[in-house]
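Peer 1: Model the full structure from these sequences, guided by the hints.
Chains A, B and C, in that order, give the protein sequences. For the first sequence, the tail end lands on 535 under our numbering, and the numbers increase by one without skipping. For the second sequence, the tail end lands on 425 under our numbering, and the numbers increase by one without skipping. For the third sequence, the tail end lands on 552 under our numbering, and the numbers increase by one without skipping.
Rather than coming from a laboratory, the hints here were simulated on the basis of the structure. Beta carbons: idealized from backbone N, C-alpha and C, even for Gly. Hints may be right or wrong, so weigh each one.
To be verified - Simulated pairs of lysine to aspartate or glutamate, DMTMM-like, Cα-Cα distance not exceeding 20 Å:
1. Lys313/C <-> Asp369/C
2. Lys365/C <-> Asp307/B
3. Lys220/C <-> Asp246/C
4. Lys396/C <-> Asp392/B
5. Lys247/C <-> Glu485/A
6. Lys333/C <-> Glu308/C
7. Lys365/C <-> Asp392/B
8. Lys544/C <-> Asp518/C
9. Lys367/C <-> Asp307/B
10. Lys445/C <-> Asp177/C
11. Lys247/C <-> Asp484/A
12. Lys219/C <-> Asp501/C
13. Lys396/C <-> Asp255/B
14. Lys333/C <-> Glu305/C
15. Lys410/C <-> Asp246/C
16. Lys309/C <-> Asp369/C
17. Lys472/C <-> Asp449/C
18. Lys544/C <-> Asp271/A
19. Lys247/C <-> Asp177/C
20. Lys333/C <-> Asp392/B
21. Lys544/C <-> Asp268/A
22. Lys309/C <-> Asp339/C
23. Lys544/C <-> Asp263/A
24. Lys213/C <-> Asp177/C
25. Lys483/A <-> Asp501/C
Claimed, not checked - Simulated DEER-style distance windows between Cβ atoms:
26. Asp208/C <-> Leu209/B: 47 to 53 Å
27. Asp272/B <-> Asp339/C: 57 to 63 Å
28. Gly432/C <-> Asp255/B: 54 to 60 Å
29. Gln365/A <-> Ala529/C: 20 to 26 Å
30. Leu198/B <-> Gln516/C: 37 to 43 Å
31. Phe508/A <-> Leu240/B: 57 to 63 Å
32. Gly432/C <-> Tyr360/A: 53 to 59 Å
33. Leu300/A <-> Leu217/C: 43 to 49 Å
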Amino acid sequence: MKPALPITLLVLVLGAAAPWLISAYELSLLGRFLAFSLVALGIMLTWGEGGILSLGQGVFFGLGGYALAMHLKLEGLDIANGDMPDFMTWSGVSALPTLWRFFVNPWLSLVYVVLVPGLFAAFFGWLVFRRRIGGVYFALITQALALAFATLLVSQQALTGGFNGLTNFSTFAGYDITSQGAARVIYLITFMLVVAAYFALRWLLATRFGTMLRATRDGENRIRFLGHNPLPYKVVAFTIAGSLSGIGGALFTLHAGVISPALVGVVPSIEMVVWVAVGGRGVLWGAIAGTLLVNFAKDEISSALPSLWLYALGALFVLVVSFLPGGIAGMFSNPRLPPRLLRRRQEVVE
Amino acid sequence: MHESAFLIGQVFNGISVASLFVMAALGLALSFGLMRVINMAHGEMLMLGGYLAYLTLLVVPGPLGILVAMPVAFLGAAFLGGILELTVIHRLSTRPLDTLLATWGVSLILQQAARNLFGAIGVQVVAPTWLDHTISFSTGILSGLTLPDTRLFILLVAALILGGVALLINKTRLGLYVRAVNQDRPTAAALGVNARLVDLTVFALGTGVAGLAGVILALLGPVTPTVGQSYIVPAFLVVILGGLGSLVGTTIASLMVGLFTALIEIYVDVSVAQVLLLVFVILFIQIRPQGVIAVRSRALEG
Amino acid sequence: MKMKKLGLTAALLASTALGLAAPAHADGTVKVGVLQSLSGTMAISEVPLENAELLAIDQINAKGGVLGKKIVPVVEDGASDPAIFAQKATKLLQQDKVVTVFGGWTSASRKAMLPVFQRLHGLLWYPVQFEGNECSPNIMYSGAQPNQQALPALEWAEKQGYKKIFLVGSDYVYPRTANLILKKHIAHDGLTLSGEEYVPLGGTDFSSIIAEIQKAKPDIIINTLNGDSNVSFFKQMAAAGMTPDKLPVMSFSIAEPEAKAMGPSLLAGSYTSWNYFQSLPGQTNADFVAAYKAKYGADSVVDDPMVHGYEDVMIWADAAKKAGSFDPKKVRNEAVKLGFVDSPLGQVKFDANQSMVQTGYIGELQPDGQFKVIWSSPAPIKPVPYDPLTFPGKSCGLHSNF
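Peer 2: Here it is as structure tokens:
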């Protein structure tokens, strides 16, 4: 379901004007939640349209975030004269590791933000999907991936900053990124990217690719019997989701001023799925709305009643999934997707 | 210490870790084989077992407390598992991915409940003194090798659980129904097997085993609200490796995970070993995507 | 999305234009931030710390507040997530206009908040021992530097005649850096490093590490494990026949609450190094312990980070009185000039590098769950953020900029 044109326009205008409508703090929240919503759009593509549930999107979020953060840590350092990011000193490193030298150039780093998570998702997806492993198995493997990735980040302290993550950034390509003005610019870039991703996915899902992806979701074997290979559709969808997560991670790093293993592990990855579940897995705008709603609710509830938040999050999972599988967006739309999606038995390994 | 004794010690450690994993994963594998659902709150059944052990030891202190705690934890976790099956799992039985998400929600609620009831910092469960010994070797190539009684006891319990469940599945009428539903649900139902009841029983049995495993884990680890999370991801990997609902597959997969981890930790640190374990699993499913043992093909479903 | 009144934006712009937000309210109150993890993995440690900070605020208010103003704590949840710590620190400074913030536990949370405090010209009081290698003009570090906890422990072990040292830790920043420093000193002092092993945070399987320990036969283990991993470690050591009375263990992250929860029977005879124990003598400490128990229950225990959190609030209040202002920069300048004050920890003061001068103690765990002090540094130890042996040529500049 597509929202009516006047509503779309109103949201676009309000979103673009937000820097002048709300306080600096609220803008920073909105910015980072919009960055999250790029991840949610990716989950919507793979899970809602492709039937592939990944519980490891935090990995791609982290890859994008770290790609940018590694560059930001190098900015302003005199690398030729042996300057290193501060954490390397107390991790016992004596010279800048080779891996880091790839991140000296700011514009190349932006390319990595998209490419590294995308390529990793493509490789991982190809490895797993080509053996026709999907459904519950895929969810569990991606969860193990999230755990392994977070563990690796923490343990390779000399390369990654370890548990502390990377923080304390000041400039990008020479521009100050900490000022109030910069915060507005970063917000607007985020907003534009979310809008662009939304319309790009809307287009993509209306193409033959979208049809094939949904067909794969609803009956992968039938697609095979009809002479099609579902593998490319699944891999491409997972790759796009990976890149979107990476971009989201990079933007989040700019907004929050920090990227750390705590943001990429098992629990954050599964929280990303709940945003989409709440918003509505079948509708693009639902993914964005769900992300904003859950995160603003978390911000409000968690400080006032921290233990209530965990009950609320748990109950949200159970209730939405059990009684409202279409999410919030599902309440507004005629049930286009349910019957097949809901009745379908998951395919597992043959 | 002799180098070969060290190596044999690591093999023992691997088997010991495998015995923990097989107890943690058995219930998951059983209900997954039968109902195609993964219960993400399974780790919290381990946690519940730990807390029930704590409560039992308050009532029955002394050397036999832990033996009393095991049936108590089994029944307690099986009861909670039964409620979970009736309220959440059954409702979502045709949507495995949604079951996964809903049970994750349940696991959050259970963790927070444990935190509010018992405090975040965890409770104290001490191994009984009759497990306070070790078997040490002082001569020959095994010189320097120490086998803790606690770990031997855990191996014994794991073997008894496996044997008991195998008997149940292979020799009893209930087991016959389970195998029937496992092989062909509609036909079994048409022949008068109450598939609903079989689902419920197997699910409760699986969570009960997890509760019992929780008591055992408390001998070697903490009892905290989040303790289940430390075991659950390896247990999932065991399920993936083991294949659908096969006892033998689950056992072999646990041994693979335990031995792989213990032996690789000779060369790399524990964090890297975790990462390599995942790489191993992904490589393994390249060769055998159906897992160690596949009870039946699901190729034409969907 | 959420819309607040336009007035807030206007007020914010105005305050930015004026440089710094007006510190105190006209209604006779002043707001301070208390930012700890009330949920997530760190809540277990940080909630008691928050309690201690709130107790100090209560006590000051009971005596009439500071500069005629009642202190109003604004409590926020960092949720064990560094990004949320940064977010809430921004909120406290920008939206709530607090004059200072007490909080943080993990280095990750402090590192994430540091740029926020520097950009918004705030002052953070950080109460937990850490790996050093940092001095920000916007942070007061009251927890131990490595030379106030790790090195005294090594000095003590050396005096006991322990020569072969085995390092076990959780795989994160503090253990790795503390061990980096310890290894330099072990080599420098002619001792032997008989092993160094790490488990991931929350790790529960120690079978391989215990095999390494059995092979290496060390004289003492220096343990930087965090949280629940300690329970697994000590249980599995005991199962393997290596209880603390047979193979001594010196722990850096086990204090009174952990000992109470893990059960003293498991740990009895093990050692820890801190700058405070609940069992320390002195009327100030007795009063503090009594007040804490009166407010939070007779069976509650207190530990080193809690007392640092408590004392941070006390010293902040003293410094603000001295400065006659809540301006963070003026308060900081007075805080480092206050000189020694009597505290539950004994005589302490903030040094010019904004870290605390304090005594190092070694405690031995008793069957009742309390620690008996068996050694203390001859005098309060000056804080050294950069260990000269490990990080030669590095030091804290004295901060005039803010």
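Peer 1: Each hint needs a verdict: does it hold in this structure or not?
Peer 2: Here's how the hints hold up against the structure:
A distance of roughly 6 Å separates the Cα atoms of Lys313/C and Asp369/C; the hinted pair therefore holds under the 20 Å criterion. Proposed proximity of Lys365/C and Asp307/B is contradicted: the alpha carbons are some 54 Å apart, above 20 Å. About 16 Å separates the Cα atoms of Lys220/C and Asp246/C, which keeps this hinted pair within 20 Å; it holds. At roughly 26 Å between alpha-carbon atoms, Lys396/C and Asp392/B are farther apart than 20 Å, so this suggested pair is violated.
Between Lys247/C and Glu485/A, the direct Cα distance comes to roughly 18 Å. Compliance with the 20 Å bound is thereby established for this hinted pair. Straight-line distance between C-alpha atoms of Lys333/C and Glu308/C comes to about 13 Å, which keeps the hinted pair within the 20 Å bound. Simply put, Lys365/C and Asp392/B have alpha-carbon atoms about 16 Å apart, close enough for the 20 Å limit, and the pair holds. Pair hint Lys544/C plus Asp518/C does not hold up; C-alpha atoms about 43 Å apart against a cutoff of 20 Å.
With a CA separation close to 58 Å, the supplied pair Lys367/C and Asp307/B exceeds the 20 Å bound. For the hint linking Lys445/C to Asp177/C, the alpha-carbon distance of about 28 Å lies beyond 20 Å, and the restraint is violated. Among the hinted pairs, Lys247/C with Asp484/A is consistent with the structure: their alpha-carbon atoms are about 18 Å apart, no more than 20 Å. Among the hinted pairs, Lys219/C with Asp501/C is inconsistent with the structure: their alpha-carbon atoms are about 27 Å apart, more than 20 Å.
With a CA separation close to 14 Å, the supplied pair Lys396/C and Asp255/B stays within the 20 Å bound. Taking the CA atoms of Lys333/C and Glu305/C, the gap is near 13 Å; set against the 20 Å cutoff, the hint holds. Between Lys410/C and Asp246/C the alpha-carbon distance is near 37 Å, which puts this suggested pair outside the 20 Å criterion. A C-alpha spacing of about 13 Å is found between Lys309/C and Asp369/C, which places the hinted pair at or below 20 Å, so the restraint holds.
For the suggested pair Lys472/C and Asp449/C, the alpha carbons sit about 37 Å apart, so the restraint of at most 20 Å is broken. Of the supplied pair hints, the one linking Lys544/C and Asp271/A holds, its CA atoms being roughly 11 Å apart against a limit of 20 Å. At most 20 Å may separate the alpha-carbon atoms for a hinted pair to count; Lys247/C and Asp177/C meet this at roughly 15 Å. A threshold of 20 Å between alpha carbons decides the hint, and for Lys333/C with Asp392/B the separation of about 18 Å falls inside it, so the pair holds.
For the given pair, Lys544/C sits about 13 Å from Asp268/A by alpha-carbon distance, which is consistent with the 20 Å threshold. Under the criterion of a C-alpha separation no larger than 20 Å, the hint pairing Lys309/C with Asp339/C is consistent with the structure, at around 12 Å. The suggested pairing of Lys544/C with Asp263/A holds, with an alpha-carbon distance near 17 Å, which does not exceed 20 Å. The hinted pair formed by Lys213/C and Asp177/C meets the criterion: a straight-line CA distance of about 18 Å does not exceed 20 Å.
Distance check on the hinted pair: Lys483/A and Asp501/C sit about 40 Å apart at the alpha-carbon level, beyond 20 Å; violated. Distance hint check: the CB atoms of Asp208/C and Leu209/B are about 48 Å apart, consistent with the given range 47 to 53 Å. Distance hint check for Asp272/B and Asp339/C: the Cβ-Cβ separation is about 39 Å, which falls outside the suggested range of 57 to 63 Å. For the pair Gly432/C and Asp255/B, the supplied restraint of 54 to 60 Å is violated, since their beta-carbon distance comes to about 40 Å.
Checked against the given bound of 20 to 26 Å, the beta carbons of Gln365/A and Ala529/C, roughly 47 Å apart, lie outside it. At roughly 39 Å, the beta-carbon separation of Leu198/B and Gln516/C lies within the given 37 to 43 Å, and the hint holds. Checked against the hint of 57 to 63 Å, the pair Phe508/A and Leu240/B fails, with Cβ atoms roughly 27 Å apart. In this structure, Gly432/C and Tyr360/A meet the distance hint of 53 to 59 Å, their C-beta atoms being roughly 55 Å apart.
Here the CB-CB span from Leu300/A to Leu217/C is close to 57 Å, at odds with the stated 43 to 49 Å.
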